[in-house]
Amino acid sequence: MKRFLSLVLALVMVCVCTTALADIKVSNVKVEIDAALKEYAAEYSKTAGFNVTVESVGGGADYSGSLKAALQAGNMPDIFVIEGMGGYNVWKDYILDVSDTEFAKNTSVGFMVEGKCYGFPVAIEGFGLAYNKDLLAKAEIDPATLTTYSALKAAFEKLDGMKAELGIDAVVSIATSVSGGMTWVTGNQNFSTYLSCGLPYGDMTIIDMMREGKVDTERLTEYATYVDLLFNYADQEILVNGNYDQNVNAFATGKTVFCHQGNWIDPNLAAFENCPPMGFIGEPFTDKQEISGLMVAAPSWYVVNAQSPNKDEAVKFLEDMVATEAGQDYMVNKAGMVPAFANVALEPSGDLSVDVMKASAKGDIYSWGFGYMPDNFGMQNLGPIFELLAQDAIDVPTFVEMVTAEFANIPALLAAAQ
Amino acid sequence: MNALFLAPVLFAFTMVMVIPFFLGIYYSMTDFNGVRTDLTFVGLKNYETMFSDPLFLHSFLVTVEYTVINVIFVNVVAFALSLMVTSNLKGRNFLRAGFFVPNLIGGIVLGYIWQFVFNNVITQTAASLGLNFLTKSLISNKDTVIWAMSLVNVWQYAGYIMMIYVAAIQGIPANLMEAASVDGANYWTRLTKILIPMMASSFTITTFLTLTNSFKQFDLNMSLTNGGPAGMYMMKAVKTSELLALNIYNTAITKNMWGDGQARAVIFFIVLVCISLVQVAINKRKEVEM
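If you're matching them up, the sequences are chains W and G in order.
Reminder that position 342 of the first sequence reads as 341 in numbering that gives the first Met the number 0, one-by-one numbering, no gaps.
Reminder that position 38 of the second sequence reads as 37 in numbering that gives the first Met the number 0, one-by-one numbering, no gaps.
Worth double-checking, as some hints may not be accurate.
[What the hints assert, rightly or not] Derived DMTMM-like pairs (lysine to aspartate or glutamate); straight-line CA-CA distance at most 25 Å:
| # | chain 1 | residue 1 | chain 2 | residue 2 |
| --- | --- | --- | --- | --- |
| 1 | W | Lys152 | W | Glu139 |
| 2 | W | Lys310 | G | Asp37 |
| 3 | G | Lys235 | W | Glu405 |
| 4 | W | Lys310 | W | Asp141 |
| 5 | G | Lys135 | W | Asp354 |
| 6 | G | Lys135 | W | Asp168 |
| 7 | W | Lys310 | W | Glu113 |
| 8 | W | Lys115 | G | Asp37 |
| 9 | G | Lys141 | W | Asp394 |
| 10 | G | Lys235 | W | Asp33 |
| 11 | W | Lys254 | W | Asp354 |
| 12 | G | Lys44 | W | Glu113 |
| 13 | G | Lys235 | W | Asp354 |
| 14 | G | Lys141 | W | Glu400 |
| 15 | G | Lys235 | W | Asp227 |
| 16 | G | Lys235 | W | Asp319 |
| 17 | G | Lys141 | W | Glu42 |
| 18 | G | Lys135 | W | Glu113 |
| 19 | G | Lys192 | G | Asp182 |
| 20 | G | Lys141 | W | Glu405 |
| 21 | W | Lys132 | W | Glu400 |
| 22 | W | Lys315 | W | Glu139 |
| 23 | G | Lys141 | W | Glu236 |
| 24 | W | Lys152 | W | Asp227 |
| 25 | G | Lys135 | W | Glu236 |
| 26 | W | Lys213 | G | Asp52 |
| 27 | G | Lys141 | W | Asp96 |
| 28 | W | Lys91 | G | Asp30 |
| 29 | G | Lys141 | W | Asp319 |
| 30 | W | Lys24 | W | Asp319 |
[What the hints assert, rightly or not] In silico contact screen, one side only, chain G against chain W (beta carbon under 7 Å); selected entries:
| # | residue |
| --- | --- |
| 31 | Asn1 |
| 32 | Ala96 |
| 33 | Thr253 |
| 34 | Lys254 |
[What the hints assert, rightly or not] Output of the computed footprint for chain W on chain G, the stretches with three or more beta carbons under 8 Å from beta carbons of chain W:
| # | segment |
| --- | --- |
| 35 | 57-63 |
| 36 | 205-219 |
| 37 | 231-237 |
| 38 | 266-275 |
Please keep in mind that the hints were generated in silico from the structure rather than gathered at the bench.
Keep in mind that this is a model prediction, so the values were computed, not measured.
Virtual Cβ for every residue (Gly too), placed ideally from N, Cα, C.
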């Protein structure tokens, strides 16, 4: 009997111990920081008094779809990611107001709605045309002069003529394909050039027109001509067929001079030995003004599930990421991100991240507009149109026409999301 | 008392089939976005918009095309294989197992493996052999993508259907075939006059299985092409290999139009039931009793 009692007691102890530990599930959308975040979460769990587990669903994969599946399965994570108003409108019942936290006070780019902070900025990110410093120097092109469409076109022509000399396959590495899961690069990021590049930071002129379903045809045509230039000088195999790895690897191994990506490729580049020094220029889509700045924003936010029983622990996890040395070390050194918080003094080491930091310090930046489009509109509705242009199945005027036609649906889609 | 034994199954069936089925019909008449809890009843609006959406119409046509290709090729290949492994061929048991193995690999994994084969293995082999027409990946060409997908499906599914044929062939009494050959019937006559009529009931099953399987294709579609490459249909950019199931998924989950997606699923269900009933009725007529 005594033995039986002690067994029961032991079992009860085990149960109590396991149930007492809250389990915080973090859903991450940045695959490139997956390993670093998991390592930090594991280390953090040892002392925190609760467990933190991380699950990553990658950029190309269907993040919001998997989140909805998790919700239907009753497996909603405690911390998940939104990428702007589109996501906020869908998920607002599940998003906790975090205005009173320390991290909210230390950042200027929290996700704000009506003066209240709802999101923890994952990082400051920037994109544009990343270039290989060695190859441009070899071709005697000064990247600082590539600020207009004509200058960029001339440079592309010159580089295209020096393919053998430079040992490159093509001038640009950019991927568009639906099957490679690359529509986030074209339909979301590249398209932000149309929505906000060259305008004052946070300017809503083009975005407001978009919300009414209208396009600025002249600007859209200029932009489409620029996209066509990128596509014409791109590695065609990667352009119509490639995935993220092929897109980045061609650039990292010096097979292309430019790459249309953001500073999040730093960890991927670091994985290559002898990776040449890299830098950033903006997206010079026009001749009307000089585009010297990068597209920089806090594009995604961690939000805390307001209906989770463990929301206090989830908030604490985010607080500690900003407040503790280990957390800051993870964000900046391990994950190589540009931090969005005033109290973090560390600086990242990746070439492209440094360029993003410099650009934001100078204020030479343009905002990202794609988060204002209806949820997944860029990837689902615009992405295939970019792919058609990449296949040369359509020309620039048809591209403009098709985008205009898609825009006509936007007011209805936005209204339905409210 | 007997009903009590049925209870666990009935309970599960009700919970995962019956209730979701009627809930689905209800959702198809609302503006549900997949997350929100307050729904507005919109009647048949979702059913009306569906038929004016080029993406849906395109997916419908592609699915029909894909189904026709697959019903023919899966059955022809499977039947040929079954004849082969029931003949006196050496190593036929090994072959039987070998042809069946692809069926054991999950569709998602299989899709990614074949994506690599189409995008890298075939193109690079073709390039080094100088076969220029094959250097462009078959799944990035809108004219070949459906055929490439069908190839993978035939490769995966023919082994399974072959097993059904093998069982049917083995079920035919040997004395029938022997008597026929004693009477001087050659192989072709025995095949068309005895073997095939005797197997008619298994043709009913296999046609039904291949038809519904191809019509409902999802996992392979998602992982192999994800609907790509892009193409034009009715002046709109569409995904040329987006089959109906993937279109429903993208509408409901990715675009947050759960109501629309659910309405499409209801139509999908009705079409599938009609086609299957017609097919089974036709095939049943051809069956012979022993």
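For each hint, the structure was consulted:
| no. | hint | result |
| --- | --- | --- |
| 1 | W:Lys152 with W:Glu139 | holds (15 Å) |
| 2 | W:Lys310 with G:Asp37 | holds (24 Å) |
| 3 | G:Lys235 with W:Glu405 | holds (9 Å) |
| 4 | W:Lys310 with W:Asp141 | violated (51 Å) |
| 5 | G:Lys135 with W:Asp354 | violated (37 Å) |
| 6 | G:Lys135 with W:Asp168 | holds (17 Å) |
| 7 | W:Lys310 with W:Glu113 | holds (22 Å) |
| 8 | W:Lys115 with G:Asp37 | holds (24 Å) |
| 9 | G:Lys141 with W:Asp394 | holds (18 Å) |
| 10 | G:Lys235 with W:Asp33 | violated (37 Å) |
| 11 | W:Lys254 with W:Asp354 | holds (22 Å) |
| 12 | G:Lys44 with W:Glu113 | violated (34 Å) |
| 13 | G:Lys235 with W:Asp354 | violated (39 Å) |
| 14 | G:Lys141 with W:Glu400 | holds (22 Å) |
| 15 | G:Lys235 with W:Asp227 | holds (19 Å) |
| 16 | G:Lys235 with W:Asp319 | violated (49 Å) |
| 17 | G:Lys141 with W:Glu42 | violated (49 Å) |
| 18 | G:Lys135 with W:Glu113 | violated (52 Å) |
| 19 | G:Lys192 with G:Asp182 | holds (13 Å) |
| 20 | G:Lys141 with W:Glu405 | holds (22 Å) |
| 21 | W:Lys132 with W:Glu400 | violated (37 Å) |
| 22 | W:Lys315 with W:Glu139 | violated (52 Å) |
| 23 | G:Lys141 with W:Glu236 | holds (15 Å) |
| 24 | W:Lys152 with W:Asp227 | holds (11 Å) |
| 25 | G:Lys135 with W:Glu236 | holds (8 Å) |
| 26 | W:Lys213 with G:Asp52 | holds (21 Å) |
| 27 | G:Lys141 with W:Asp96 | violated (47 Å) |
| 28 | W:Lys91 with G:Asp30 | holds (17 Å) |
| 29 | G:Lys141 with W:Asp319 | violated (51 Å) |
| 30 | W:Lys24 with W:Asp319 | holds (16 Å) |
| 31 | Asn1 | violated (34 Å) |
| 32 | Ala96 | violated (32 Å) |
| 33 | Thr253 | holds (5 Å) |
| 34 | Lys254 | holds (6 Å) |
| 35 | 57-63 | violated (count 0) |
| 36 | 205-219 | violated (count 0) |
| 37 | 231-237 | holds (count 5) |
| 38 | 266-275 | violated (count 0) |
Figure legend: structure checked against the earlier numbered hints; hints not met, in rising order: 4, 5, 10, 12, 13, 16, 17, 18, 21, 22, 27, 29, 31, 32, 35, 36 and 38.
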